[in-house]
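As a plain string of letters, each chain reads:
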Amino acid sequence: MTVLRLDGVTKIYPGAPPVHALDGVDLAFAQGELGAVVGPSGSGKSTLLHVMGALDLPTSGTVEIDGIDIASLSDRALSGLRSNKIGFIFQDFFLISGLTATANVAEGLIYRGLARSLRNERAKYALERVGLGHRLDHRPNQLSGGERQRVAIARAIVGDPAIVFADEPTGNLDSATSEEIAGLFDDLNTDGATIIVITHDRDLAAHFPRLIELRDGLITSDTALRA
Amino acid sequence: MKSRLRPVDVVGLGFRGLAARPTRAVLTAIGIAIGIAAIVAVIGISASGRADLIATLDRLGTNLLRVSPGSGVFGTGSEVPEEAGTMASRIGPVESISQTTRVDASVRRNDLISELETGGLAVLASRTDLLDQLSVGLVDGRFLDEATSQVPTIVLGAVAAERLGIEDLEPLPRVYVDGHWFTVIGILEETELHPDVERSVFIGYPVANTLFETTESPTALYVRASPDFLNDVAEVIPATVNPQQPDAVEVTRPSDALLARRAANEALTQLLIGLGAVALLVAGVAIANVMVMSVLERRTEIGVRRALGATKRHIRLQFLFESILLAGIGGILGIALGGGITIAFAANRDLTLSVPPEGIALSIAAALAIGALAGLYPAWRAARIPPAEAVRK
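Residue numbers (this note's numbering), protein chains in the order written: chain A, 1 to 227; chain B, 1 to 393.
Worth flagging that the hints you see were computed from the coordinates, not collected in a lab.
Only true hints are included.
Chain B stretches covered by chain A per the calculated footprint, using a threshold of three residues with CB under 8 Å from any CB of chain A:
1) 15-21
2) 304-313
No farther apart than 20 Å at their CA atoms in a straight line, the calculated lysine to any residue pairs in the SDA-like style are these:
3) K2(B) / A162(A)
4) K312(B) / E301(B)
5) K312(B) / L373(B)
6) K2(B) / S74(A)
7) K2(B) / G67(A)
8) K124(A) / N84(A)
9) K2(B) / N84(A)
10) K312(B) / R299(B)
Keep in mind that this is a model prediction, so the values were computed, not measured.
Quick reminder that beta carbons are idealized off the backbone N, C-alpha and C, glycines included.
Please put together the full structure from these sequences, using the hints given.
As structure tokens, then:
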């Protein structure tokens with residue numbers, strides 16, 4: 001089953017001259033896939049991530065998330081889509097500094113309108129899934145970089161989204177920790193999560209079964225390393 | 001498939017947003033607190049003062065007229081008929097009457113003090129019913145009666161007693177009135193309606209006549225009349241008490257002075273409330289400023305929240321509520337502060353404490369409205385931030 005489909009997607013940022021960040025991208029992801037999008041900086045990776053994750057709309061072409069064409073959606077509906085279908089992981093983690101790990105993860109459910117006790121319960125479960133069951137009440141400044149990224153990953157998966165997007169998830173981590181995070185993505189994928197990682201780190205990308213290369217807003221190769 | 005943010009979570013986000021920068025929140029709230037405190041204190045103090053004033057007026061009555069028959073165009077020369085008081089009491093609505101007459105003498109603590117140092121005190125011959133007529137009481141001793149009016153005894157007004165340095169009647173003090181020693185038998189309480197009485201000393205008519213040749217021609221008549229006909233009485237009194245020179249007669253209503261003072265106080269009150277309102281306005285601008293700054297600083301937080309599924313409306317609500325909360329905290333601080341000032345002031349001045357609840361409700365409403373207004377623009381800006389840009393590295 002396809003959870004994400006891009007058809008002739010372009011994204012042009014107006015200006016003089018206009019920037020063609022995406023220049024006709026066709027792409028499809030099936031449920032349960034784990035893939036990486038690699039490319040040098042300026043290749044359009046971030047733009048692709050924003051368009052795929054419904055944070056931004058394409059200039060032309062269609063983006064379908066779980067069968068829903070996002071072009072037709074209002075801001076409210078797009079937000080609803082993000083809160084229910086999509087999880088984001090950022091390079092800088094973007095955790096809220098004053099909150100415990102549990103509260104940070106629970107924040108991932110606040111826009112679902114769930115009661116606080118339920119949010120906390122699910123947050124604890126998600127933290128256990130990423131191996132942080134012993135760090136529930138720690139604040140971000142009491143955690144290592146790798147642990148912070150695990151909290152961010154827990155926040156992305158706490159709502160069981162259809163797709164998880166990770167934007168340079170190991171960009172701020174040393175190589176040993178990067179390995180661990182890559183392993184965690186493997187584990188989560190084995191449990192059924194669909195994960196798309198955007199990175200310029202080829203070593204990280206080499207972990208994943210599917211590798212998509214992007215250059216100048218175009219897909220130059222799309223290979224399944226281990227079918 | 002919708003995003004939903006429960007109202008209780010909006011509240012939680014607001015508190016959390018402020019708690020993340022507590023110093024800034026407190027400093028910003030102080031602005032509102034000062035404005036609200038000023039307004040609450042001014043309303044409270046003026047209401048307490050008004051309650052007191054109304055009580056005073058009720059006690060003293062507003063149906064008293066003070067009539068100075070006048071001394072003619074050429075000063076002391078002309079005299080009012082001695083029977084002026086009797087004639088005035090024949091006017092229908094007049095209920096009672098009393099009088100005093102200026103004695104041509106000065107009062108001093110003893111005979112060693114120069115005759116010129118009168119301390120601004122007047123010696124008055126008084127009828128024995130004066131105090132009842134004025135509703136003035138005594139702090140010590142008693143007033144003149146039929147017996148003590150015959151002998152050199154004297155009663156001091158509150159200010160007169162103070163200026164003569166006499167605090168109590170133990171042992172019976174004496175004062176010196178132009179060659180004669182008078183024994184002090186009473187001290188009057190303060191009376192804001194009759195400053196002239198406070199600054200006078202009183203002796204009986206018989207003794208005044210014997211020692212200083214004072215006549216019964218009044219220099220002040222105190223007339224109580226039926227409240228409904230007070231104006232009519234005031235109109236006919238001049239011709240009645242001084243038929244030769246009715247124009248020289250001055251009729252005043254001592255309670256008018258209190259009312260005038262109240263009017264002046266109210267103008268001042270309004271000015272102070274205006275100043276409080278300006279303080280509130282300035283505080284509102286400060287809140288808007290701080291909130292705009294906060295929105296700029298929290299761009300990534302806004303981006304992350306949008307990525308987590310917040311709608312524009314959720315972001316707007318979050319910042320709007322934070323602003324309202326900030327002002328609300330300031331408002332509560334201000335009410336506590338203003339209430340404290342009012343209580344302290346009322347206790348200090350012995351006023352009846354009266355803080356109108358609608359004043360409190362109104363100032364809280366004003367604070368919240370200011371918070372909402374100040375938060376509108378920052379909230380709108382926060383919601384307009386495109387999520388993709390806000391999370392861009």
